[in-house]
Every structure is written in C-alpha cells, then in structure tokens.
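K.L.:
Chain residues, written in single-letter form:
Protein chains: 6
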Amino acid sequence: MKLLVVNPNTTASMTATIAAAARAVAARETEIVAVTSAMGPVSIEGFYDEAFAVPGVIHAIAEGETAGAQAAIIACFDDTGLDAARTSAAIPVIGICEAALVTAGQIAKRIGVVTTLARSVVPLEELVRRYGFAERARVTACDVPVLALEDESSDARGKLEDEIGRAVAGGAEAIVLGCAGMADLAAELTLRFGLPVVDGVAAAVKQAEALVALGLATSKRGAYASPSPKSYAGAMAPFAPRA
Amino acid sequence: MKLLVVNPNTTASMTATIAAAARAVAARETEIVAVTSAMGPVSIEGFYDEAFAVPGVIHAIAEGETAGAQAAIIACFDDTGLDAARTSAAIPVIGICEAALVTAGQIAKRIGVVTTLARSVVPLEELVRRYGFAERARVTACDVPVLALEDESSDARGKLEDEIGRAVAGGAEAIVLGCAGMADLAAELTLRFGLPVVDGVAAAVKQAEALVALGLATSKRGAYASPSPKSYAGAMAPFAPRA
Amino acid sequence: MKLLVVNPNTTASMTATIAAAARAVAARETEIVAVTSAMGPVSIEGFYDEAFAVPGVIHAIAEGETAGAQAAIIACFDDTGLDAARTSAAIPVIGICEAALVTAGQIAKRIGVVTTLARSVVPLEELVRRYGFAERARVTACDVPVLALEDESSDARGKLEDEIGRAVAGGAEAIVLGCAGMADLAAELTLRFGLPVVDGVAAAVKQAEALVALGLATSKRGAYASPSPKSYAGAMAPFAPRA
Amino acid sequence: MKLLVVNPNTTASMTATIAAAARAVAARETEIVAVTSAMGPVSIEGFYDEAFAVPGVIHAIAEGETAGAQAAIIACFDDTGLDAARTSAAIPVIGICEAALVTAGQIAKRIGVVTTLARSVVPLEELVRRYGFAERARVTACDVPVLALEDESSDARGKLEDEIGRAVAGGAEAIVLGCAGMADLAAELTLRFGLPVVDGVAAAVKQAEALVALGLATSKRGAYASPSPKSYAGAMAPFAPRA
Amino acid sequence: MKLLVVNPNTTASMTATIAAAARAVAARETEIVAVTSAMGPVSIEGFYDEAFAVPGVIHAIAEGETAGAQAAIIACFDDTGLDAARTSAAIPVIGICEAALVTAGQIAKRIGVVTTLARSVVPLEELVRRYGFAERARVTACDVPVLALEDESSDARGKLEDEIGRAVAGGAEAIVLGCAGMADLAAELTLRFGLPVVDGVAAAVKQAEALVALGLATSKRGAYASPSPKSYAGAMAPFAPRA
Amino acid sequence: MKLLVVNPNTTASMTATIAAAARAVAARETEIVAVTSAMGPVSIEGFYDEAFAVPGVIHAIAEGETAGAQAAIIACFDDTGLDAARTSAAIPVIGICEAALVTAGQIAKRIGVVTTLARSVVPLEELVRRYGFAERARVTACDVPVLALEDESSDARGKLEDEIGRAVAGGAEAIVLGCAGMADLAAELTLRFGLPVVDGVAAAVKQAEALVALGLATSKRGAYASPSPKSYAGAMAPFAPRA
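Residue numbers (my numbering), protein chains in the order written: chain A, 563 to 805; chain B, 563 to 805; chain C, 563 to 805; chain D, 563 to 805; chain E, 563 to 805; chain F, 563 to 805.
The hints are simulated quantities; they were obtained by calculation from the structure and are not laboratory data. Be aware that one or more of the hints could be misleading.
The list treats identical chains as one, so a pair stands whether inside a single copy or across any two.
[What the hints assert, rightly or not] Straight-line Cα separation of at most 30 Å, DSS-like style, residue types lysine-lysine; simulated pairs:
id, residue 1, residue 2
1, K721, K792
2, K792, K782
3, K564, K782
4, K721, K782
Bear in mind that the values here come from a model prediction, so they are computed numbers and not experimental data.
Turn these sequences into a full structure, and let the hints guide you.
P.N.:
Set out below in structure tokens:
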C-alpha cells in the first residue's frame with residue numbers, strides 16, 4: 563500500500579522529520595511517500611498561513627493520487643485544506659489533528675493539546691469543537707515558533723515540556739502534540755511524563771491504513787460531493803475541477 | 563467613506579447584482595467600490611471552490627486597502643477566507659453570512675437560512691454554529707446552482723420561494739438568503755411572505771459602516787494577530803506576509 | 563431618522579452619559595432622543611431590579627414610537643425587557659448587550675465582558691448564552707456598584723481597569739463594557755489597552771441605524787407576535803395590549 | 563406547613579383549578595393558600611404578558627411570606643418572575659415548569675412539553691434550555707388560547723389530546739402539560755395515553771414540601787443575592803427593596 | 563409509605579449513616595427500609611467498582627419491591643445502575659446525584675459538587691452533563707477515599723472543608739456533597755459556610771416521596787421499556803428478565 | 563499480534579459472525595481470538611441487558627490478557643462495560659460504537675446510525691453524545707430484535723434496508739450499522755446504497771491494530787486509573803481488584 567504524506571509547509575527538513583515518524587509506525591507493506599508542498603508558507607502559524615497552504619496541499623494530493631497513492635495524510639496540525647481535499651480526492655484523506663484526537667480519545671477521557679504559538683489556539687479550538695472534543699480537550703500553546711522546533715539550539719524542548727507539565731497538572735490524562743514538527747518527540751515524552759503522548763503523524767498513518775484495509779473512501783453524497791466542473795480564473799485556473 | 567465589496571467568485575454579472583444591492587442601502591457618504599475577484603472559481607459551491615477563492619479575496623482586499631478603502635465586505639455566503647482576511651487587513655472585514663445572521667437575530671428568534679445546493683448545507687451549518695446560531699437557525703437548500711440565479715429562464719425563483727415557504731411552515735420567523743446572488747430579491751420576498759427576509763450583502767454594508775463609525779478595527783491580539791513575516795514558495799509567493 | 567434611547571434606570575445623570583455616547587457615533591441625519599425611565603429602580607443590579615425596570619422601558623418605547631421614533635435602544639446591559647418590547651413595538655428594538663456582542667464578534671474571536679457587581683455575572687452569562695457567545699465570551703465583575711461609576715471620587719475607574727487587565731491576560735482579544743454607565747470610557751480604554759473596547763450604547767446606535775436603513779422590523783410571526791388584546795388588572799392596567 | 567400558590571394571571575377561576583390540583587397532592591400537614599395576582603394580565607401568552615405579570619407575583623409572594631408561608635409556588639408555566647422572586651423572598655420559590663421537568667426527568671428520558679399557543683414555544687424552549695433539558699424535551703403547541711381551557715364548549719381538550727398523540731408518536735416517553743390551566747387533566751390523560759403525564763402545579767407542591775422538609779432556602783450568594791436597598795420611582799416605588 | 567434505600571456498596575456502617583440521613587428528613591408516614599448490597603465492592607470509586615455494584619443494586623431493588631416498597635433510592639453518588647433499575651422496577655427509582663442536583667438547582671444557579679477521589683471526577687462530570695447541569699455545576703475532588711469518611715481519626719473532614727472553601731471562592735452558590743458517605747455532614751456544613759449544602763440521600767427521600775404522592779412511575783415507553791424476557795447464562799442467570 | 567474480540571452476549575452463532583467480520587479485515591500478522599461471554603444475556607437490548615453483560619466482558623478480557631492478547635475489542639454496539647474495562651486492563655480496549663463513529667467521521671460529515679430496537683435509541687444517543695457526534699450522527703431503529711438478524715427466514719434484512727433508505731433520504735452521508743450482529747452486511751449494503759456503510763467490528767479491529775502499532779495503552783491517570791485493591795462481596799467477589 564502506497565501512502566502519501568503531504569507536508570503542507572514548504573520546509574523540507576520538517577518533511578524529513580514527518581516522514582521518519584510515519585515510517586516508524588507504518589505496516590511492513592505500507593510505502594510512505596512523503597512530499598513537501600511546492601507552494602505556500604515555510605511554516606503554518608494561524609489562519610493566514612493556513613489559507614495559502616491549501617492549494618499546495620490539494621496539488622500534492624492530486625499528483626500523489628495519479629501516481630498511485632491509496633490514501634493521503636495532511637501533516638499539519640490545523641488539518642490544512644482537509645475538507646476541500648476530501649471533496650476532490652477519490653482516495654481517503656486523513657488530517658493529523660483529527661487522527662490524533664480520535665486516537666487519544668480511545669485511551670483517555672481528558673486530553674491536553676499543546677501547540678506552538680498563542681495565535682494557533684483559537685483555530686485549533688475550533689477544530690477540536692468540530693471533531694466533537696470540546697468537552698474533553700483543552701488547547702494551550704508553549705510559545706515556540708514552528709521552525710524553532712527544528713533548531714536544536716533553541717529552548718523549544720524545554721518550553722514544550724513545561725507546557726505539558728501544566729496540562730498534566732490541570733487534569734490531562736493524555737497529551738496530543740499540536741504540531742507536526744513535534745512528531746519525533748512522542749516516544750520520549752511518553753516515557754518522561756508517564757502517560758500517553760500522541761503524535762498526529764503516527765496516528766494518521768494508522769488511520770489511513772485502517773480506511774484502506776476497510777475498503778472505505780470518502781462519501782460523495784452531501785458535504786463531500788465531488789466539485790462541479792467549472793472554470794477557475796487567473797492563478798487558480800490549474801485547480802479547476804474537471805468533469 | 564469608501565467601502566470595498568469583494569465578489570469572491572469571478573462572475574462579473576453577479577458583482578453587478580451585489581453592487582446594486584450594496585448601493586441601495588449604503589449611507590449617502592458611503593462610496594461602494596465593488597470588485598470581482600481576479601482569480602478562482604466562477605461560482606462557489608462547497609468546500610473545494612471556497613478554498614480556491616480565498617487567494618483572490620485576500621488579494622482584492624489588500625489592493626482595496628491600499629487604494630483607501632476603510633472597510634471590506636466578502637460577498638459570498640460562506641464568508642470565504644474571512645478569518646485569514648481579518649488577520650492581514652488593518653481595516654475591518656465583514657462576512658455576509660455573519661452580518662445576515664446578527665441582523666436577523668435582532669428581529670427574530672428562529673431563522674431559516676435558504677441556500678442554493680445541498681452540498682453547501684453542511685459548510686453553512688458549520689458557520690452557523692461558529693457564529694452562535696446553532697439553536698436558532700436551520701439551513702436548507704433550494705437545489706438551484708448559483709449561476710442559475712442569474713438566468714431568468716430558469717425556475718430558480720420558483721424553487722427558492724417553495725423552499726422559503728417550507729421554512730416558514732417549519733417555524734422560521736425570518737428568512738436569511740443564503741447566497742449573494744439572491745441579493746436583489748430580499749425586498750420582494752419580504753412583501754410576498756410577510757416576514758423579514760434578510761440579504762447578507764445589504765446587512766454587511768451596514769455592519770461595515772457601523773464598525774468604521776465606531777472607530778473599531780479587528781483586534782490584533784490572539785487569533786487575528788498579524789501574520790508573521792515569512793517566505794511563501796511558488797505560486798503563493800506574492801501573498802507572503804511582509805514585515 | 564429619530565432614534566429613541568431609553569435609560570431603563572431612573573438616574574438622569576446616567577441618561578446624560580448615555581445620550582452623549584449615542585450622539586458621538588450617530589450619523590448626521592440621526593436625531594438621538596434620550597429619555598430616562600419614569601418608573602423603576604435608580605440602578606439595575608441583578609434579577610430583581612431588572613424585573614421592575616421593564617414597565618418603564620415598555621412605556622417609554624410606546625411613547626417614543628407615538629412621537630415618531632423609528633427605532634429604540636434599551637440602554638442597560640441586561641437588555642431589560644427586550645423580548646417584551648419587541649413584541650409590542652412596531653419599530654425595531656435594540657439591546658446594548660446583544661449589540662455589543664455582535665459588534666465585538668466581528669472583530670475578535672474571544673471576548674471579555676466586564677460588568678459591575680458579582681450578582682450580575684450569572685444574569686449576563688445567561689444573556690451571553692442566549693445570544694450564542696457562550697464559547698467565545700467570559701463575563702467577570704469589577705466589583706463597582708453602578709452608581710459609583712458616576713462618582714469621580716470613587717475608585718471605580720481603577721477597579722475597572724484592573725479587571726480589564728485580568729481579562730486580557732486571560733486571553734480576551736476584545737473587551738465589552740458590561741454597563742451602560744461605562745459608555746464614556748470606551749475610547750480611552752481602547753487606547754490604554756491596545757485592543758478594541760466596545761461600548762454597547764454606541765454599538766446599539768449603529769445597529770438601530772442599520773435596521774432602519776435596511777427597512778427591517780421585528781418579525782411578528784412566532785415568538786415576537788403582537789400581544790393579544792386582553793385586560794390587565796390593577797397597577798398594570800395601563801399596559802394592557804389593545805387591538 | 564403553609565404553602566403559597568400564586569396564580570400569576572388575574573383569572574380567579576383558573577386559581578380555583580390550580581388550588582384544587584395543589585390540594586389533591588399536598589401532604590396532610592400542608593395548607594395550600596392559593597391567591598390570584600392582584601395586578602396584570604388575565605392570561606399569560608408570550609413575552610409581553612409575562613413581563614407585566616411579574617410585579618403581581620412578587621407582591622403576592624411578599625404578602626404571603628409576611629403571612630407565614632414557608633414556600634411559594636409560581637403557578638404559570640413560563641415560571642413568571644422566578645429569578646426575581648428568588649432574590650427577594652427568604653422562603654424557597656418554585657416554578658411549575660422547572661418542577662415539572664425535574665419530575666418528568668426522573669421517570670423518562672425523552673419528554674414532550676405541550677403548551678397552548680405557538681407564540682409560547684420559543685419562550686418555553688428558552689426555559690427548557692436553561693433548566694438543562696434541551697436535549698431531552700421538545701416543546702409544541704396545541705393552538706388553544708389559555709382561557710379556552712376553562713371553556714367547556716371549546717374544542718380545547720380535543721386539540722390537546724391530538725398534540726399529545728403527536729408527541730408520543732414522535733418518541734416522547736412522558737408528557738409535561740405546558741400550562742397551569744391544564745392542571746386538572748393530568749390523571750385522566752395518564753390513563754388515556756398509558757404513559758406519565760406530569761402537571762407542573764402538582765409537581766411543584768411536592769418540590770416545595772421537599773425544600774421545606776430539607777431546611778433548604780435559596781442561596782443568597784451570587785445570582786440570587788438579596789436586592790440592594792435603593793429607591794424605585796413612579797408606579798414601581800412600592801416594590802423598592804428595603805434594607 | 564415504604565421507601566427502600568439501597569446502599570450499593572457492601573459496607574454496613576455506611577448504610578447506617580445513610581439510613582439516619584434518610585430518616586431525619588422522611589415524612590412521618592414514610593418508613594425507611596435501608597439495605598446493604600449483598601454483593602459487590604466495599605466502596606465505589608470510579609468506573610470499575612461501579613460496574614460490579616450494579617447486580618447487587620438491581621437485586622436489592624427487586625427484593626424490596628416484592629416486599630412492598632413503593633419507591634427505591636440508590637444511595638451512591640454515581641447513581642449506580644440507575645438506568646437499568648428503572649427498566650426493571652415497576653416502582654420509581656431515584657438516584658442521589660440526580661436528586662441532589664435538581665434540588666440544588668431550585669435554590670442556586672451555580673453549584674459546586676465536591677466528591678472524594680480524582681478518579682471519580684470524570685464519571686460525575688458525565689452524570690452532571692447527562693442531567694443537564696454542565697453549564698451550572700463544577701465537580702472537584704477533596705482527595706479522601708470513601709471509607710476514610712467513616713474513620714474519625716482521618717483528616718477527611720478538614721480536606722472536605724478545604725475543597726468546599728475553594729468551590730465557594732470560585733463562585734459556587736450552593737454545594738452538593740458528592741458521596742453518600744458525607745450524608746451526615748450537610749447540616750453542619752450549611753451553617754459553617756452560610757450557603758445551602760445539599761446531601762443527595764436526603765434530597766432523594768423527598769423526590770421519592772414526591773413521585774409516590776403524585777402517582778407517577780417510570781415510563782415504560784422507549785428507553786425504560788421493561789427488559790424483554792430472555793435467558794442469561796452463568797453467574798448472571800438469576801437476573802434474567804422474566805415475562 | 564493477538565487480538566481478543568469479545569462478544570458480550572452469550573450467543574455463539576453471533577460470535578462466529580463477528581469473528582468472520584474481524585478476520586476479513588485483520589492484518590496478516592493479526593490473530594483474531596474470538597470469545598463468547600460466559601455469563602449474561604443471549605442478546606443485549608437496552609440498559610438492563612447491558613448492565614448484566616459487563617461482568618462477562620471484564621472476565622473475558624482479563625482471561626484474554628493473561629493469555630497474551632495485546633488489545634481487546636468489545637463487540638456489542640453499546641460498548642458494554644468499556645469504561646470499566648479500560649480501568650482494569652493493561653492492554654488497550656476498543657468499543658465498536660466508538661470505533662465505527664471515528665471511522666465514519668473521517669469519510670463523512672453526517673452519519674446515520676441504524677440500530678435494532680427503539681429501546682436502544684436513547685442509550686446509543688447518549689453514547690453518540692459522549693463520543694462527540696451529537697451534531698453529526700442521528701440514531702434510528704429498524705425494529706428488528708437482535709437475534710432475528712441471525713434468522714434468515716425473518717424480514718430483518720428488508721427492514722434494515724428500509725431504515726437505511728430513510729436515513730439516506732434524511733441527509734446521511736455514511737451509515738453506521740448499530741449492532742454487531744449486522745457485521746456481515748456492510749460490504750453488500752455499501753454497494754447497494756452507493757455510500758460508505760461502516761461496521762463497528764471491522765472498524766474496531768483496525769483501531770486496535772493502530773493502538774498496538776503506536777505503542778499506546780490506556781492512560782492510568784484520572785478517570786481510567788487502575789481500580790484500588792479492595793474486597794468485593796458475594797457473587798461479585800471473583801472480580802475484586804487485586805494489588
């Protein structure tokens with residue numbers, strides 16, 4: 563099974579971190595194809611960056627689908643363009659925020675989601691609400707820019723651990739890492755804090771494998787109906803839905 | 563006061579309908595500058611079209627702001643790119659769905675939102691929820707494609723009236739027209755049904771004038787903080803936030 | 563356009579504060595007619611005072627409507643008698659709590675409502691819920707009696723600023739002033755805290771102008787149907803609905 | 563134990579119906595003192611009537627408390643003035659809507675509330691929400707004016723039974739009668755429909771006896787704190803809270 | 563009237579505490595029959611203990627019903643087996659958590675529920691939600707094992723008072739004691755804290771008396787329909803529903 | 563990997579159906595060990611049966627864990643004893659209702675859950691709510707007793723298809739089969755209705771494999787903390803938690 567993992571930001575080093583996390587948990591027969599978005603922001607921090615990361619995500623999934631991928635993962639914690647991708651792709655599309663929450667939700671009642679910057683808290687709270695976890699998950703930020711997670715000389719790791727500590731003290735029974743750039747830390751943090759720490763990239767790999775094995779794809783009735791063929795103007799023309 | 567009204571789809575005839583509806587209610591000292599998005603879909607029907615309309619909306623608002631607009635309206639009922647636009651623009655940005663709901667909510671308890679196609683019902687229900695009207699507003703579709711609203715030979719008008727009739731029978735005390743392309747029908751439908759029928763374009767003009775008169779602009783703390791300057795790759799490069 | 567602003571308490575000096583705030587933002591063609599309720603409490607602090615302020619509000623709106631007002635504002639933050647007034651008045655009726663919330667909601671995601679006394683917190687939370695802001699707005703009290711706001715020798719201003727500071731530290735992106743008696747402070751507090759501070763009186767003036775310009779009045783179907791004509795006994799007889 | 567039952571409307575024949583229903587279930591040692599409000603509407607149908615029934619309710623409870631009542635019941639299904647009464651009375655105050663819902667909620671999961679006129683549906687839905695039954699109770703109207711319930715020549719009984727039938731077909735496991743004027747019908751309707759039919763007046767008598775026996779009275783901290791002494795002007799002067 | 567009070571844990575000394583609390587508030591004509599469950603855990607702390615207390619509760623209620631009880635109370639704060647008991651018993655069944663909340667809800671807006679161990683917080687939050695008090699009640703734990711409440715040499719009482727103090731400081735207007743083992747403390751704590759402290763056992767006695775006096779029993783339509791007769795295997799065979 | 567699948571009812575033929583459905587989707591390296599509960603009801607229909615199925619489920623999971631199972635599935639759609647099992651087992655425990663919902667939720671926005679009997683609708687609605695799908699999933703019943711699903715001469719299949727048809731007409735985008743006894747029908751129904759039909763048994767197998775592959779087990783902090791060692795009396799003694 564070929565599984566496409568799209569990094570919605572354009573930072574290739576983060577794609578490498580994500581790919582490694584995906585491969586570490588993939589089934590033997592799963593081939594992970596990790597791609598970096600070809601257009602858009604170097605990191606996604608809040609509503610604005612997210613909007614401009616969507617075309618790159620859609621493009622990468624369309625290309626991956628043509629190349630034979632059987633499912634796709636959007637590996638940014640705001641589930642960039644997930645609803646749009648589900649309408650256009652024939653293969654299942656998984657978001658790492660949704661995957662992390664449904665995974666954590668099967669091993670804990672109260673969940674602490676720790677993300678990077680304060681500006682991402684409300685967008686993630688809106689996702690958490692949409693996925694049905696408003697009463698179970700609390701979102702907080704550790705005040706670390708996304709790319710600082712890649713910089714070993716920063717104090718990112720310490721700040722993240724401090725925030726996890728506060729979440730645990732506040733009643734969290736499991737932690738969800740609120741940024742794909744933290745994907746390499748889950749195992750160590752699980753040991754350190756003595757409770758489950760869930761990385762969305764790894765969780766999404768297993769959800770994707772699950773849907774493929776079950777023979778399930780996105781419903782094309784209602785909200786996820788295929789886009790009607792129509793013309794798109796200007797720079798967006800290449801993305802126009804075809805019959 | 564200069565008020566920018568952006569039609570997020572690329573259909574100029576619909577921009578004309580929208581501009582007329584806006585001018586019909588604007589204050590004498592308000593100048594309506596209506597623009598058609600330069601890039602993206604000819605009509606917005608569901609999650610996919612919406613995603614590709616966002617860059618054009620952001621671009622148009624940025625240009626309008628440079629040209630002296632004091633507020634901007636996004637004139638598509640899914641409030642295309644509203645959150646992203648609010649982070650990047652210094653001027654207030656109004657969505658017609660939000661404006662219509664808060665207007666209708668001050669004259670009625672139960673609201674019927676009538677939109678075009680079934681695939682838009684869930685996206686609008688998610689907006690309605692986010693704006694706090696989940697318990698007060700019901701979204702239904704009249705099964706008319708957006709551009710058929712422009713086609714006088716279609717049965718669009720009849721289907722819309724039938725659906726409004728069903729909403730009223732089901733307890734709606736006011737109707738919100740769930741598509742900018744219906745902007746010219748509000749007055750007539752109000753008369754015909756004997757209850758308030760609210761068009762979001764007109765409602766948004768007054769909300770925009772209100773914010774400007776109050777000297778209020780989008781908060782730059784938290785969720786709507788200005789995007790951090792960073793580079794964007796590929797086709798999205800022109801949209802990169804600058805310092 | 564003639565716009566009636568009713569101060570539901572019987573303190574004329576507060577009516578003057580309110581009237582000034584209303585006039586400061588009214589359109590040139592709007593005439594503000596501010597009246598003090600002729601009956602009821604000198605200040606409204608909690609459920610009991612509110613109940614006895616309603617007849618005065620209804621009476622003032624009925625008189626104002628007869629005298630040609632095209633819309634009415636109820637200028638107390640518990641939106642005293644708003645639902646009752648909407649059934650009996652033919653003109654639109656605006657509550658300052660609802661107006662402030664829908665205004666703040668278009669420029670911020672998370673809102674701090676700062677009111678006077680602790681006993682008003684729950685009544686306002688119930689309003690906030692009813693208006694759909696339960697997930698977005700938090701109500702707190704600065705422990706200042708309403709009339710102390712009028713007393714320059716009190717420490718009211720300091721306590722209010724302290725409470726706003728706490729709300730901002732807790733994540734509020736905009737502040738709503740939870741008492742009509744604070745109407746004169748919005749501009750200064752906006753500057754001081756560097757985020758939008760919304761006064762409900764000013765917000766309500768613009769909402770009222772909006773409804774009038776849009777030709778919208780309260781729906782008379784369902785919850786806001788005109789009261790059935792019937793006799794009222796005793797001291798309430800003058801308020802009996804007529805055919 | 564002396565238990566005050568206040569009929570918030572001024573129709574004495576309805577007070578008699580209510581008193582009989584109360585006495586039928588009262589404990590042997592409970593004396594029912596039923597009073598008709600001395601001021602306000604002959605029947606309460608919607609927001610407007612309700613507002614003008616409040617002073618009469620408060621007045622009757624204050625008088626009853628002075629005369630030795632140990633608890634008070636507000637016998638109109640919109641729980642007229644309940645919050646205000648709880649702040650001013652030292653004795654517990656019971657609303658028949660709240661009492662009926664908490665009673666029905668202990669014998670059924672899904673509840674059908676059948677009220678009189680369509681205009682009362684939304685006000686009751688707001689109560690149902692406030693009492694925590696939004697997911698369990700549905701409110702519908704049988705289209706019978708309140709006073710028609712007293713008129714044996716009307717078709718009120720038939721219409722009520724039809725509406726109960728619809729509620730049962732729709733999944734209701736118990737019925738709550740949504741008007742004090744239906745208090746005499748609960749027993750017969752229980753037999754006829756083979757499921758519990760709850761009358762709020764009877765339910766409230768038992769809740770009142772319960773609170774008295776438990777030695778519990780309304781908390782005076784927070785929302786129900788006693789009104790601060792202050793002057794009330796005009797027709798409302800007699801209701802001013804005293805120190 | 564004969565009222566069965568079942569202690570779902572097997573600790574007879576706690577049954578004595580519960581029986582005393584029940585008798586202290588029962589009507590003169592009510593006979594309290596208190597029984598200790600014959601099977602299951604010595605104390606109920608969290609989901610696991612609760613599951614194994616259910617058969618004993620059902621058994622005790624069936625025996626009590628045969629012996630002439632007219633209503634039954636399940637005297638553990640997680641309302642052990644309440645839904646199952648309501649389907650099988652013909653007599654009304656009362657849970658002390660539900661009874662305490664509906665009682666407290668009629669004398670206060672905001673409620674603090676203080677339970678024993680942290681592991682019980684989430685199970686009780688789920689109950690609080692189901693009973694409609696999610697917005698009004700907060701559950702906290704005082705970190706005292708259930709049986710320590712019986713041990714006078716422990717610091718249980720001090721820890722409980724500390725936690726009540728924190729709840730009051732946080733805005734609670736009434737306190738609900740979140741364990742049947744605290745039933746003897748309500749009166750003293752009411753005095754000490756100057757606000758209503760509600761014990762669920764006492765509250766349940768009055769709710770049970772109320773239902774019996776009203777002639778109301780559990781609806782047998784829908785969720786509480788009598789179990790279909792069928793065979794049960796192994797150790798559960800004695801509990802099989804009979805025709 | 564050894565995966566235990568427990569049929570909480572005692573009907574071995576249904577265990578065979580469940581085992582076949584589990585094996586059909588299990589990974590090559592997964593060994594499905596399917597067991598029939600040794601004690602409790604032959605079918606689980608509503609709250610009562612569910613309560614008496616829990617001990618058998620817990621017992622089977624404990625035995626399976628000892629025998630080397632790495633995860634356990636509870637294969638009844640009311641997720642019988644799931645919370646209790648999660649506290650006592652060291653291995654992850656999956657419920658088929660939760661697994662089906664989180665699977666369907668990744669391929670559709672609106673979900674129709676079709677269960678057997680009307681009495682199960684409310685219990686399942688409570689689960690749906692707890693899992694966060696209250697706004698997305700509707701539960702209906704096809705009026706077929708559980709064991710009739712095993713009887714080829716019954717009209718069970720026709721009634722189920724009729725109910726699915728109604729759910730689709732009402733806007734469902736995916737169907738969840740609300741009984742483990744329907745596990746063999748998912749593939750055929752998917753073809754027949756042209757939208758995803760999700761069987762919880764199959765979904766749970768993949769969720770269990772996912773958790774094991776991710777190295778995640780139930781959090782032992784808070785709600786799912788291991789039961790405290792204590793003695794259990796009578797028939798429940800064998801289930802007492804040990805140190």
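K.L.:
When no copy is named, should K564 and K782 be tagged within, between, both, or neither for a Cα gap of at most 30 Å?
P.N.:
Classified as within: same-chain Cα gap 22 Å, cross-chain 35 Å, threshold 30 Å.
K.L.:
Is the C-alpha distance from K792 to K782 at most 30 Å within one copy, between copies, in both cases, or in neither?
P.N.:
within (18 Å within a copy, 37 Å between copies)
K.L.:
Between K721 and K792, at a C-alpha cutoff of 30 Å, which is it: within one copy, between copies, both, or neither?
P.N.:
Between. Shortest inter-copy distance 23 Å satisfies the 30 Å Cα cut-off; intra-copy 48 Å does not.
K.L.:
At most 30 Å between alpha carbons: which applies to K721 and K782, within, between, both or neither?
P.N.:
For K721 and K782, only the inter-copy Cα distance (24 Å) is at most 30 Å; the intra-copy one is 43 Å.
In this structure, none of the earlier numbered hints is contradicted; all agree with it.
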